[in-house]
Amino acid sequence: MADLYPPIVNGKSVYDLNSGKYLKMWQGPQHPGVTGNMSLELIISGDQVVDCKTHVGYLHRGFEKLMERRRYINCFPIVCRICVPEPDTNEYLFAAAMEELLGVEIPERALWLRTLNLELSRLASFLMWTGGQSGAFGHGTVAQWALAHRDYVLDLFEEWTGARIYHMYMTPGGVRGELPEGWTKHCEQVLAGVEKLLGEVWHVMFNNAVFKSRAVGLGVITPDMIDHFGVVGPVARGSGMQRDVRKDSPYLVYDKLDFQIETETAGDTYARAVVRWKEMHQSISLIRQILKNMPASGPLHVTLPNVLHLKVPAGETYVRAESTRGEYGYYMVSDGSAYPRKITVRGPSYSHAMALLEHLAVGVNIADTHGLMLSLHTYPPEIER
Amino acid sequence: MKELYDTISLQFTLKDFHQQKPNLAFATAEKQQLIALLTYMRDVHRYTHLVFVTAVDWLEENRFQITYMLHNYDIKADFGIRVMLDRDKPVMESIHHLWEQGRVYQRELHEMFGIDFPGSPGVNEPMILEGWQGPPVMRRDFDTAKYSLETYDHRPRDTREPESHMKEKLYPED
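Quick note, the sequences are listed as chains A and B, same order.
Heads up, the first sequence is in our numbering, so the first residue is 1 and it goes up one at a time.
Heads up, the second sequence is in our numbering, so the first residue is 1001 and it goes up one at a time.
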C-alpha cells in the first residue's frame, strides 16, 4: 500500500503516467445511475483509486443569474427545475422565503397540504435513490421494482397537481388546489404497495451477501468529519448524528407530527442505506398522519397583491427544509424592487459531491465508486445551479 | 441573538445587526477581522456548521457583499456574517483551513464573481465554466442577453406549412 502513492513535490502529488503504475481514467460525465451528469477524474493503480477530482458543469443552466433578471413570480416556474428528483423542496423554499420577506402568513390547510406534498416527494426521491444504489451494486431487479413504485407515486402527483415531475403546486401565498375526490384512497393503495416493497427490498438487497460485502466499510464518515466537511442529512445521520431540520427547526406542521430522527452509527455506505430505508417508512407514516389529522376544509391561499407588479420589501433571509439529501436552503436578498437582488440556493449535496467525495474515493476499488457516489446522494444540478 | 451580538462586539467591530427571525440574525464584520471572528464563532460559540458562502453584487455602491452563514446545532440558531469588499479589487482571505468545503465555495465565487481568495487550493482552476474567456458571469454588469446577441449569429428558421410541404414533396407536378 505504501508504494502505491506517488512522491509529493511542492505540495502536490506527481503521477508519472508513463511509469506503467498509474492510469488516468474518467468516470462520466454520463451518469452511472441516478446521480446526474458529473465526471470523476480518477488516477488508478491496479483497480484502486489513488486520486480523485470531481468535475462539474455539465448541467449548468445559470438559475441564479436567470432569477436576477426576472420578477419574483417569473422565478417561480424555474426554481423547481433545479432538482429533478425532488423539485417540491425548491418550490416550498422559494415560496417560504418570499412570504417571509413579504410578511404573509398562509392558511392552516395550505400548511398541511404543503407538508403532504413535501413528504410524498421525499418518498419518490428515496425510491429513486433505492433504484440507483441497488443498481450500482448490480441489483438490477431491485432497481426496477423501486423505480416502478416511484412511478406510482408520480401518478399520485399527476392526479393531484396535474404534473408528474414539476408540480408547481406550492405557489407563493399558499397552494394551488384541493386534493381530488378519491385521491386519499389511491394514496393509501400506493403506500401499502411501497410498504410491501420495502419489506422485499430488505430481504433481497440489505440481506444480500454481495451487497453487504461491498457496502459495509465503504466510504466511512466519522463523526468528527461531519462539521469539517459540512455533511448534512441521511449521510450525517448514518454517522450517528441526531440532526434533522424537521425536528431541529420545525417548519410547516412538522411539530404536530409524531416521528423520531432515524440514525445509524457505522457511518459507511450500508449504514446510510439503512437510514434511508428507515426514512421511507417514516415518510409513509407521516403521510398517513397528515391525511388523518389534516383539517377537512378551509382556505388554500391568501390573496397577494398583483404579483406582476409586486415589490418585495428590502431585506434578507434564509429558509431551510429537509430534503432527501439533507438541508436544502434558500438565501434571498431583496433590495426593495420587483426583482430579487440575489437568490442563493444551498444544495445539500454541494459539499458531499465535491470536497467529501474527493476525500472518500481515495483507496476505494474502482467498481465501488458508483456505489459511493450514490450513497452520498450526489446531485450536480444543485452544485452548478 | 442580541446578547450574542453584544458579546462578540466586545472583541470585534460589528455593525448593522439585524434579527430576521428568533433564530436567525445578520451582522456586518470588518474584512481584516473575519478569519478571527469565524474561528471564534466556531470554537467558542459552537457555530460549527458552515451552511454556505455566497456573494451579493451591490453594483450601485461599487462593492461586493460576502455572506458566511453559520449554524449552531446546540441551540439551533443561524448567524449570517456579512463582509463588504471593494468591487474594483475584490480580494478576501481564505477559510479553507476552517472548513473543508470552504475551498469549493471560494472556487465558485472566484469563477462567478471574480473574487480572489489567495491560498485557497485550486481556486484558479475553472469549476463550472470550463474554457470561459469573458468577464465573471454573476456580476450584475454582465448582461447575458446582450452577450448572446453579440456572440451568436441569428439562425434563420425555415418554417413550412405541413400541408403545402407534403404536397410539394409528394406531388411536385401538380
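Among the hints, a few may not be true.
Claimed, not checked - Quick list of in silico lysine-lysine cross-link-like pairs, DSBU-like style, CA-CA up to 30 Å: (1) B:K1167 / A:K278; (2) B:K1021 / A:K311; (3) B:K1031 / A:K247; (4) B:K1021 / A:K256; (5) B:K1169 / A:K65; (6) A:K212 / A:K256; (7) A:K65 / B:K1167; (8) A:K311 / B:K1015; (9) B:K1146 / A:K311; (10) B:K1076 / A:K256.
Worth flagging that the hints you see were computed from the coordinates, not collected in a lab.
Bear in mind that the values here come from a model prediction, so they are computed numbers and not experimental data.
TODO: Go through the numbered hints given earlier and state which of them the structure violates, listing their numbers in rising order.
DONE: Of the numbered hints given earlier, those the structure breaks are 1, 3, 5, 6, 7, listed in rising order.
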